[in-house]
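*Asks:* Listed below, chain by chain, are the residues.
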Amino acid sequence: MSNSSTLVSVENLRFLRGDRVIYDDINLTIKKGKITAIMGPSGIGKTTLMKLIGGQLRPDAGDIRYAGDSVPQMSRRELYQTRKKMSMLFQSGALFTDISVYDNVAFALREHTKLNEDIIRTLVYLKLEAVGLRGAADLMPSELSGGMARRAALARAIALDPELIMYDEPFAGQDPISMGVLVKLIKALSSALDLTSIVVTHDVTEVLDIADYVYILANQKIIGEGTPAQIKASDSALVQQFLRGEADGPVPFHFPAEDLHDTLLGSPQQGGKK
Amino acid sequence: MNYLQSIGQNTLNALMSFGRAFLMLAGAILAIPQSKNIRLTVQQIYVVGVQSLLIIIVSGLFIGMVMALQGYTILVNYGAEGSLGPMVALSLLRELGPVVTALLFAGRAGSALTAEIGLMKATEQLSSLEMMAVDPLRRIIAPRFWAGVIAMPMLALIFSAIGILGGHLVGVDWLGVDAGSYWSIMQATVEWDKDVVNGIIKSFVFAIVVTWIAIFKGYDAIPTSEGISQATTQTVVYSSLAVLGLDFVLTALMFGIN
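Chains as they are written, first to last, in my numbering: chain A, 1137 to 1410; chain B, 38 to 295.
Derived from the structure by calculation, the hints contain no laboratory data.
Watch out, some of these pointers could steer you wrong.
Said to hold, decoys possible - A few chain A residues that don't get close to chain B, going by computed Cβ distances all over 12 Å: (1) Q1209; (2) L1251; (3) N1252; (4) A1266; (5) G1316; (6) L1321; (7) K1323; (8) L1325; (9) L1329; (10) G1362; (11) P1364; (12) K1368; (13) A1369; (14) A1373; (15) L1396.
Said to hold, decoys possible - BS3-like mimics (lysine-lysine), calculated; alpha carbons at most 30 Å apart, straight line: (16) A/K1167 - A/K1221; (17) A/K1220 - B/K73; (18) A/K1168 - A/K1220; (19) A/K1357 - A/K1187; (20) B/K73 - A/K1221; (21) A/K1187 - B/K73; (22) A/K1221 - A/K1187; (23) A/K1250 - B/K73; (24) A/K1220 - A/K1170; (25) A/K1167 - A/K1323.
In this text, a Cβ means the ideal position worked out from N, Cα and C, and glycines have one as well.
So here's chain A without its partners, still in its complex pose (with noise of 0.2 Å):
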């Protein structure tokens, strides 16, 4: 499986909150240099994935390997290592609320280099640059805008130049402006840097467009993949409900349940909480 151009490979992986079954033995390549998307709908794990893949959870079974090497088999110190080579963006951003966007991007640098101010410096507004925000450097984060946070968590995401970049729904709640220079900056980044790129996200067409390979998680388990064209020519008809956004089909609209009937005439100490 560990060919040189792999550089994230999930095996058999099984993962498993309290007694619900998150991932039921899914297997995913991730290329070096190429944007691999992750889509699937709301809720079903896929920053669980991106933990994973970090070493911050462990799977109840199989392999997850960074560049060959097996991530939760790791000592402390191994998978801090390896976290310096990798980066991940939060959903929320999760910029350091009490320092500025300056400090923030400084941050990584100033903890793992032994640069100096003044080439630290240099690197900041260059990485602000990329995502253009060098005239927000000395804002707080809590007076940037939801977009202009993502941007510039993204700029800290890519200030120790990481081999591997996670993006955890990174076009959710942006407005279109946003989402469009959002999605072009992913490219960009990819292209520019040579980034490795996992993109989690339920945003069918703007992933579909910059993506290399795109694998579909549903049901715990990978229910398609393949490149965008392959995809979007799928017979599968779980693939054609989420690509087309069906509300029901093989993907379940309801959380699984008791037969309504029951639920309505039961007894009602059995309905709502328990």
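Chain A is already provided as a structure; the job is to place chain B on it using the hints.
*Replies:* Below, chain B alone, put in the same frame as chain A:
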């Protein structure tokens, strides 16, 4: 059967949360200190210590004044108002200084620590630190723990000192107790190791417990608004109960058997 089950479940949950609390503390304080962390600790001492000074000074002053007033009305019946000094000083140094400081600290600084760390968790700042290969235990938890442990004994001493001055204000300046006897009998009665040092030890123990509870409750909070509000309440309630309970144990050990 359900009742029994819930007892078992709650016991297990409590034990597991103790385990997590120990692991968190061990991860934080066993870390090798870096020069960066010393700067962060000093910053936190400012936040939890210096910014708590006002409430500590005002409370200390009033508690000293009230004790002098109450003490005077009792002692004067026996013509013993000269002993007002040691009464005020001993109560403050042995009991009220450490205990009231710890309770005020839990309300002022402990709740703030819990809310701050809980919100960092809810807004994924802790997660993003981890993903940036920075250990949040070293970066966030350890400086706050040491700051609390260093700041609280100092606050307790300031509390006692201000209280003694407050007692002087009411007893000597207003009610006419002789200033010479207020100070000299105090000086003759209060012992360094028995009273002052024991008070500092108490305060030190309270500092560890209160700060530990506060940072753990934040770190372990359910990352929702409801979870953080619950964690903040629990910090104040649990640390107050722990302080009062521990105070009895420590008092029994220090002053109980002679």
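*Asks:* Taking the hints in turn, state whether each one holds.
*Replies:* Hint check results:
no., hint, result
1, Q1209, "18 Å, holds"
2, L1251, "15 Å, holds"
3, N1252, "15 Å, holds"
4, A1266, "18 Å, holds"
5, G1316, "25 Å, holds"
6, L1321, "19 Å, holds"
7, K1323, "23 Å, holds"
8, L1325, "17 Å, holds"
9, L1329, "18 Å, holds"
10, G1362, "29 Å, holds"
11, P1364, "28 Å, holds"
12, K1368, "33 Å, holds"
13, A1369, "36 Å, holds"
14, A1373, "35 Å, holds"
15, L1396, "28 Å, holds"
16, A/K1167 - A/K1221, "15 Å, holds"
17, A/K1220 - B/K73, "19 Å, holds"
18, A/K1168 - A/K1220, "17 Å, holds"
19, A/K1357 - A/K1187, "17 Å, holds"
20, B/K73 - A/K1221, "23 Å, holds"
21, A/K1187 - B/K73, "28 Å, holds"
22, A/K1221 - A/K1187, "15 Å, holds"
23, A/K1250 - B/K73, "13 Å, holds"
24, A/K1220 - A/K1170, "19 Å, holds"
25, A/K1167 - A/K1323, "15 Å, holds"
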